[in-house]
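Asks: Model the full structure from these sequences, guided by the hints.
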Amino acid sequence: MDSVFILIPISIVLAFVIGYFFWWSGHNGQFDDLEGPAHRILMDDDSVHPDSPSPQDKP
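End of the sequence shown sits at 59 in my numbering; the numbers just go up one at a time, nothing left out.
No lab work stands behind these hints, which were simulated from the structure alone. A couple of the hints might just be wrong.
For each label pair, taking beta carbons as the anchor points, the in silico distance ranges come out as [said to hold, decoys possible]: (1) Val4 <-> Met43: 52 to 62 Å; (2) Met1 <-> Gly26: 51 to 61 Å; (3) Val4 <-> Leu34: 34 to 44 Å; (4) Met1 <-> Gly29: 22 to 32 Å; (5) Leu7 <-> Gln30: 23 to 33 Å; (6) Phe16 <-> His39: 29 to 39 Å; (7) Pro9 <-> Gln30: 22 to 32 Å.
Where is the CB? At the ideal position from N, CA and C, for every residue including glycine.
Replies: Okay, here's the thing in structure tokens:
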């Protein structure tokens, strides 16, 4: 029974801390653009030119 008197206030404080950090991240732009980085990696322009010969070492 003594542990209940300790664990309930700790869980309430922890819930408020998690809620505060969620509120802070929402107001500081953490969730503004969730799809942009996922689409940006698909539109990457790192293409290899097949018509250019690859450099080879001559012995």
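Asks: Each of the hints needs a verdict: does it hold here or not?
Replies: These are the hints, each one checked on the structure:
Here the CB-CB span from Val4 to Met43 is close to 55 Å, well matched to the stated 52 to 62 Å. Under the hint 51 to 61 Å, the C-beta atoms of Met1 and Gly26, about 38 Å apart, miss the expected range. At about 40 Å, the beta-carbon gap between Val4 and Leu34 stays in the expected band of 34 to 44 Å. A hinted range of 22 to 32 Å for the beta carbons of Met1 and Gly29 is inconsistent with their spacing of about 45 Å.
Under the hint 23 to 33 Å, the C-beta atoms of Leu7 and Gln30, about 30 Å apart, fit the expected range. At roughly 36 Å, the beta-carbon separation of Phe16 and His39 lies within the given 29 to 39 Å, and the hint holds. Between Pro9 and Gln30 the beta carbon distance is about 29 Å. The supplied range of 22 to 32 Å therefore holds.
In summary, the structure is inconsistent with hints 2, 4 from the numbered list given earlier, while agreeing with the others.
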